[in-house]
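Let the hints inform the model, and build the full structure from the sequences given.
Note that the protein sequences, when read in sequence, are chains A and B. Take 1 as the starting number for the first sequence in our numbering and just add one per residue. Take 1 as the starting number for the second sequence in our numbering and just add one per residue.
Simulated from the structure, these hints should not be mistaken for lab results. Keep in mind that the hints are not guaranteed to be accurate.
Given that identical chains are not distinguished, each listed pair holds provided it fits within a single copy or across any two copies.
[Stated by the list, open to error] Pairs of lysine to any residue, SDA-like flavour, derived with a Cα cap of 20 Å:
no., residue 1, residue 2
1, K241, C34
2, K103, L234
3, K382, H444
4, K241, A31
5, K241, A35
6, K242, C34
7, K241, L43
Predicted model only: the values in this text are computed from it and were never measured.
Now for the letters of each chain:
2 protein chains.
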Amino acid sequence: MALGLNTMLEKSETLLGSDHASVVSMNLFVALLCACIVLGHLLGKTRWMNESITALIIGSCTGIVILLISGGKSSRILVFSEDLFFIYLLPPIIFNAGFQVKKKHFFRNFMTIMLFGAIGTLISFVIISLGAIHFLEKMNIGDLTISDYLAIGAIFSATDSVCTLQVLKQEETPLLYSLVFGEGVVNDATSVVLFNAIQRFDLTHINSAIALEFAGNFFYLFILSTALGVAAGLLSAFVIKKLYFESHATNREVALMMLLAYLSYMLAELFHLSSILTVFFCGIVMSHYTWHNVTDKSKITTRHTFAALSFLAEIFIFLYVGMDALDIEKWDVVRNSPGQSIGVSSILLGLILLGRAAFVFPLSFLSNLTKSSTDERIDWKKQVTIWWAGLMRGAVSMALAYNQFTTSGHTKLLGNAIMITSTISVVLFSTVVFGLLTKPLVKHLQPPSKRLTTPISSFHEPLISSQGQSEYNIDDHPISLGMFWNTPSRAIHHYWRTFDDAVMRRIFGGRGVSERVPGSPIDTSVRLWIEDVDNKEIHIEP
Amino acid sequence: MALGLNTMLEKSETLLGSDHASVVSMNLFVALLCACIVLGHLLGKTRWMNESITALIIGSCTGIVILLISGGKSSRILVFSEDLFFIYLLPPIIFNAGFQVKKKHFFRNFMTIMLFGAIGTLISFVIISLGAIHFLEKMNIGDLTISDYLAIGAIFSATDSVCTLQVLKQEETPLLYSLVFGEGVVNDATSVVLFNAIQRFDLTHINSAIALEFAGNFFYLFILSTALGVAAGLLSAFVIKKLYFESHATNREVALMMLLAYLSYMLAELFHLSSILTVFFCGIVMSHYTWHNVTDKSKITTRHTFAALSFLAEIFIFLYVGMDALDIEKWDVVRNSPGQSIGVSSILLGLILLGRAAFVFPLSFLSNLTKSSTDERIDWKKQVTIWWAGLMRGAVSMALAYNQFTTSGHTKLLGNAIMITSTISVVLFSTVVFGLLTKPLVKHLQPPSKRLTTPISSFHEPLISSQGQSEYNIDDHPISLGMFWNTPSRAIHHYWRTFDDAVMRRIFGGRGVSERVPGSPIDTSVRLWIEDVDNKEIHIEP
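Structural data, given as structure tokens:
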């Protein structure tokens, strides 16, 4: 709850007799967060709004009020800090995403997700960079180097998985959700890796050797980051299984899971890996193994604590971006060239639309070639939804732009100021306008309920499994070599689950292997309730 | 999980390309926290150790290792910051204490707790201050003013409720627990209020007018702080009851409760009230009203999330104090006068023992006069336990001492350095030695099980109550005026519960009034399990 108000602390010497203004700001910020939750809930009943947009709007309004009160001096109560974002706010969001994602869908579409997230982002990066070089150089907006243009490509390739999550519902459109969301995570990681590579490499003269090194660097980071996340997750499973905390130890288990997840993130930072990927895979492994080794109360608590922290971090970010958008300093510099600023923002928005279209449709076509069943194919309606749902830009773009174009939050050069204000405009416009249109679009293109009402069990596999029973009981038929070539991901899935049952779950626990309730008085409906299968179906809560 | 690593952030410019050393420290600190949990669990099976002491020892050992590696330069990976302590670590601990305390016992002994916590702390403060003036002035340890001596009184009157909580068990000795723990919270608040008053008032010439103003100030703070906490708690109950979040909204409910609790703490800071008291009463009110308005999953999640956060904060503090204890700078100044430092520490320990004895025994006698049943009386064994269990000094003393005797964490003057090192010695000695002896002492003086095995229902009131049924079903007989004089607290309790049933719970919800599960499939044992009555009795978890 006290995540990252560190910027306040830098100002206040001591709270016991502390600087009044910073305590006022902290109060205001916490009160605004409460307001966002309450108003977001009330407005969320309409089909247009969601908490992100509410927070953005409340943030902007507060910004205006502060601007008026302070006589046009400042609109912010906190200075945007990348640290705040990357150290405190992003880890819970991405970890929770990994922890809650439906693994079956994620891994079944693993190849497609990687195709979209890695190759797609690269395509988008190239198109936006080239477009930026082509259009912005003509506009004469100050000294932007080749690195700056490449950075622009990376900045605007980062989709906003946070906002996407609020628009698509895992229960309603599971395939789309896992594709868009999985792509979002890989995409975030790819953008950050690209961005770091751009800052590190000397890109004034690109040749094939540097390009190759660049690619090698990328895969090295990708594989090591994933391995670290998996290792941290397995460690937590092993420790909790071996220690076998007594039944009162819910607090210890929850604390240990939190700490290990955070440790994986910080270790990735330490080794200059992609911490986003690491903590995402740590979340996946923890939900696959660790979660089954803890008490029932820890199960419920971790599910909802991680979700609540992630939810708070999301609102925090949007409230903050809204408030920061009106910061007068940035707009002061570009005041004399409003046309340029609007022009740059429009060009960037156009490039984002184009860059995304340039990989979603071709890559979907490629992906469809490998799928045999029509059910798993991405039809054109889904393609349009995927294209649209990934257009929003958010806090990752903001943080990267601040990193590239400012020195500790302040902007003086015209070119830099224009890039910052354009980033803010693009983030606000894409989140509010594209975001508002996404829900109706999804409703229109993907009429719900047909999938939802009938065979829920088809995508919620039976969850009560007795000792040692496999959880992989869908399409569990023998596999041939021919099939491997036709549907490689299914074959991999088959071998993986054999290995998982025989080796991994023996060591690290997991569903059915190390559940703590052998002959408990909890009946089936309650077990389903604890495992959070589908509230709508069970109707325990009215 | 990322609570208050702000000190790190001040150093690191940006994490994306950030200062390596600070990331290393953060990793080390998180890893040490994990180690404390795991080792604390393994060692906790013995009757001597607990997590606090484990963390202290691990902290000290790490301090030694860092000292050796850095060649005697530093033993700390984080600089002790009062902000870290008062803004991030203390609120979850105190809030959780209020949230988990058994209200029935707390309020039944309310008068005794207030007597011990307020009057007792004042007595202890006077004795330690006078003793310090008497003994320390003779020792010639540098320029200490009258304010310094009074501050010493306040610093060493603050018992360590955190450590106490780990030693006494609510289930085994409910009366003792509520007395010692309740006293600890009121005592913390009293000490902080006293300390602030000392810093604010001009105490060079004390007269009756100033003393009266001092007392008035104290009661004003006490009443307003309590009122603010109650108001925040009631607000959360009202909002959640009125909004009636749908059944999926566990995350929102949990986030809102966290935010409002934190807001109450920060508001108290804003108005210069006692934030400890505020957040404690906010916790009590939230567990009495708000907790019953949320979904079953929120119930379990809040219970354990708050406990886990509090647990983490506790370990963090002890690990930190252990690490800070070996900081070379402080010891450098007093190196030439080891005798003085040991002398001061011993005198202070003696004064603590005396100051506590001086109020526990007389006030217990006073308290016993008002009790009619022998069951509620504090016999001499209990008195000894109360005396002993409150001897530990902890993080509050450390934070206050740093505030009084250092300028932003650094000590140069001899007098100040001696006071800091003595505080550290007293904290370490009292926590480790007194702490280690407390468990055996409690076992010896309060043989367990007699109360525990037989009538559990006598202190766990029936928890499944139908619509509108009163929860106050123990000694619910009519009340006469005569009885009011004999047992005033029981009479107050009677009027309060009538009022609570008739008015408060209509508006704010509460047990039986706003439970969300009218005809749910969850049976009795599961309901008891959700409400966390007593795991040992129900045996759902093995």
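Each hint tested on the structure:
1. Proximity of K241 and C34 under a CA criterion of 20 Å is satisfied inter-copy only: 15 Å between copies versus 38 Å inside one chain copy.
2. Only within a single protomer do K103 and L234 lie at most 20 Å apart by alpha-carbon distance; the minimum there is 16 Å, versus 41 Å between protomers.
3. Within a single copy, K382 and H444 get their C-alpha atoms as close as 11 Å, which meets the 20 Å cut-off; across copies the closest is 71 Å, which misses it.
4. In this homomeric assembly, K241 and A31 come within 20 Å of each other (Cα to Cα) only across copies, at 19 Å, whereas the closest approach inside a single copy is 41 Å.
5. Taking CA atoms no more than 20 Å apart as the test, K241 paired with A35 passes between copies only; the shortest distance there is 16 Å, against 41 Å inside one copy.
6. Proximity of K242 to C34 under the C-alpha cut-off of 20 Å is restricted to the inter-copy arrangement: shortest distance 15 Å between copies versus 40 Å within a copy.
7. Taking identical chains as interchangeable, the C-alpha atoms of K241 and L43 lie at most 20 Å apart only when they sit on different chains, with a minimum of 17 Å there against 44 Å within one chain.
Of the numbered hints listed earlier, not one is contradicted by the structure.
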